[in-house]
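Undergrad: We have chain A already, so just place chain B on it with the hints.
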Amino acid sequence: MRKFYRTLRMAVNALRRNIMRSALTTLGIVIGVSAVIAMMEIGQGSSSAVQQTIANMGANMLLVQPGTASSGGVTFGSGSVLTLTPDDGDAILRECPSVISVAPVVRARTQVVYGNRNWVPLYIYGTTPSFLEVRDWQDLQEGESFTDREVRNGSKVCLIGQTLVRELFQGESPLGKELRVQSVTFKVIGVLTSKGANMMGLDQDDILLAPWTTIKYRVSGTSATTANQSAATSSNVAGVNTSINSLDQLYPNLDNSQLYDQPSAIQQADTPQPIRFANVDQILARAESTEAIPQAIRQITGLLHERHHIRPGQADDFNIRDMTEMTKALASTSYLMAGLLLCVALISLVVGGVGIMNIMLVSVTERTKEIGLRMAVGARARDILRQFLVEAVVLCLLAGGGGG
Amino acid sequence: MDLIKLEDIHKTYHLGEIDVPVLKGITMSVERGELVALMGVSGSGKTTLMNLLGCLDRPTSGQYWLDGEEVSRLSGDGRAVVRNKKIGFVFQNFNLLPRTSALEQVMMPLSYTAEELPETEWRKRAKALLERVGLGERLDHEPSQLSGGQQQRVAIARALVNNPPLVLADEPTGALDTRTSEEILRLFQQLNAEEGITIVIVTHDPGVAGHTKRTIRIRDGLIENALQKSA
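Top to bottom, those sequences are chains A and B. Its first residue numbered 1, the first sequence is counted upward by one per residue in this note's numbering. Its first residue numbered 1, the second sequence is counted upward by one per residue in this note's numbering.
Chain A extracted, bound-state conformation (with noise of 0.2 angstroms):
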């Protein structure tokens, strides 16, 4: 031990005495280490922000859809079937645990016009409130979002998102103004924060959210077909089309108001308001944390199963999708580049103790004196191997420190 002590002061004393070679040494691993250190820090910063850009998408989101599940395509059998409802929604969110808040969400694709411009927006969502906090975009630019009463009475008010705001509003505050959707007239009451492209590059900020009860009553074209006010639509209005299987046609010697008798007036007050089948399109539903999506699945099915009556054997009438592949595989590119980084930071490595190696080699063809006195004095070969050894080593812990 005392003679390690000894071997390592004279490695010292003999550093010290080049101190600028010496430092100049070490440059190569120091560099090597903070640059090491430096892509992990950045491996990791990149996979902390790939977590946080995967959150902003909804990670924890769950979407349950009717029809039953098939493999790809998003739209693949749904709409084929109705059969989720509102209920189902309130259901989510009262009886699962671990599903926090949930939104239905009925789809409609139209045009949107205000003044002179008119955009058709990849997504016109009706929805609920509690759709911001599933998506996680509570916080609006300006104004303020729809309400649960707004929904109830199906009023016609919306928010809208920032590509709308640049194509319709050309930039100038929209709060307050109104544009129409498919010729009914909704006010905006908020503007969405910009949120960007999702996972599979469509924009996420082309979207107008309003309360469910208004797109799916008041705003037809729930269908993908028609997105052009203009032309010729909506059968709901008897009489005015021309299209097959007009009242029209099949009773051609008649007048179609004449068709049945009019209900009088108290007939009228009497007829008990029918009971509309209300069906959504999608529900999403937000997991209270990326561990219990599993288990908000089980929840969600079992739900399901017993509301829709499906007894075990039968094909679901829904799916429900995450997002775990996708999360997955940016996960796994962000570790794909951390660890390609982490790779050129080790070579930048090696070659630093290259450098080291280099300069011991020439230290000792330039202390041959001094060597050859050491053995003429008594030294054997292994005292002086272990002597410029120990130089090497300690330069580069010190190196390796000074890069740490």
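Source of the hints: derived by calculation from the structure; they are not laboratory data. None of these values were measured; they are calculated from a predicted model. C-beta: ideal position from N, C-alpha, C; glycine also. Treat the hints with caution; some may be incorrect.
Here are some, though not all, of the chain A residues that point toward chain B, as calculated from beta-carbon distances under 7 angstroms [claimed, not checked]:
hint	residue
1	Arg6
2	Arg17
3	Leu373
4	Ala376
5	Val377
6	Gly378
7	Ala379
8	Arg380
9	Asp383
TA: Same frame as chain A, but now just chain B:
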């Protein structure tokens, strides 16, 4: 009792295809307590002989007895131990470690074999030796702060630190002026007389040889005659 005994020593250097015989059959001996000069011109083989005497090299054939031990067949490690314990070297160009204090120069050989001693012991011994050679006030001076004569004294102190029975000096005054040379040679004589250390000085200068008690001449790889010279 012979400290050094050489019997029919041959040394041939193999340079590629050419063999260069340098020592062609040396037989000589040196007794304990002698102060001997080894004289010869350049090319006579005196440096080679000095290397062999100092166990820095091995003879091609022949035997070398040092202090009762046959050392010509020892391994590298074995020879290193002999060099450390039995021989002290003094060189023409001092060969001190750069940027190291005089005290540490003298302590340096101790780090190779006297490990069991604590460092304070080392310092004491080194200090005593430096005082012996007259450098008591310059213990912390580095070689750049010492004159040629003083550096040589440090080298001599270093040679003595392990109490070797033999000191080999290779042209010790070659780099010094006449007055300093005189001082150094006088120091050698002192050490020889007072402490009985056997000293072999290799030189080409008859003036230096005049300070010794015996001169051995070597020429063309052979001993010419061993002249007994009165001191």
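Undergrad: Now tell me, hint by hint, if it's right for this structure.
TA: So, going through the hints one by one against the coordinates:
Against a cut-off of 7 angstroms between C-beta atoms, the interface hint on A/Arg6 holds, since the closest Cβ of chain B lies about 6 angstroms away. Contact between A/Arg17 and chain B, as hinted, is supported at the beta carbon level, the nearest pair being about 5 angstroms apart and thus within 7 angstroms. Checking A/Leu373 against chain B: minimum C-beta separation of about 5 angstroms stays under 7 angstroms; hint holds. With a least beta-carbon distance of about 5 angstroms to chain B, the hint placing A/Ala376 at the interface is held under the 7 angstroms criterion.
A distance limit of 7 angstroms between C-beta atoms decides the matter here; for A/Val377 the minimum to chain B is near 4 angstroms, and the interface restraint holds. Annotation: interface hint on A/Gly378 holds; nearest CB of chain B at approximately 2 angstroms, less than 7 angstroms. With its C-beta approaching chain B no nearer than about 5 angstroms, A/Ala379 sits inside the 7 angstroms limit, and its interface hint holds. Hint status for A/Arg380 relative to chain B: holds, with the closest Cβ pair at about 4 angstroms, below 7 angstroms.
Interface hint status for A/Asp383: upheld, as the beta-carbon distance to the closest one in chain B is roughly 6 angstroms, under 7 angstroms.
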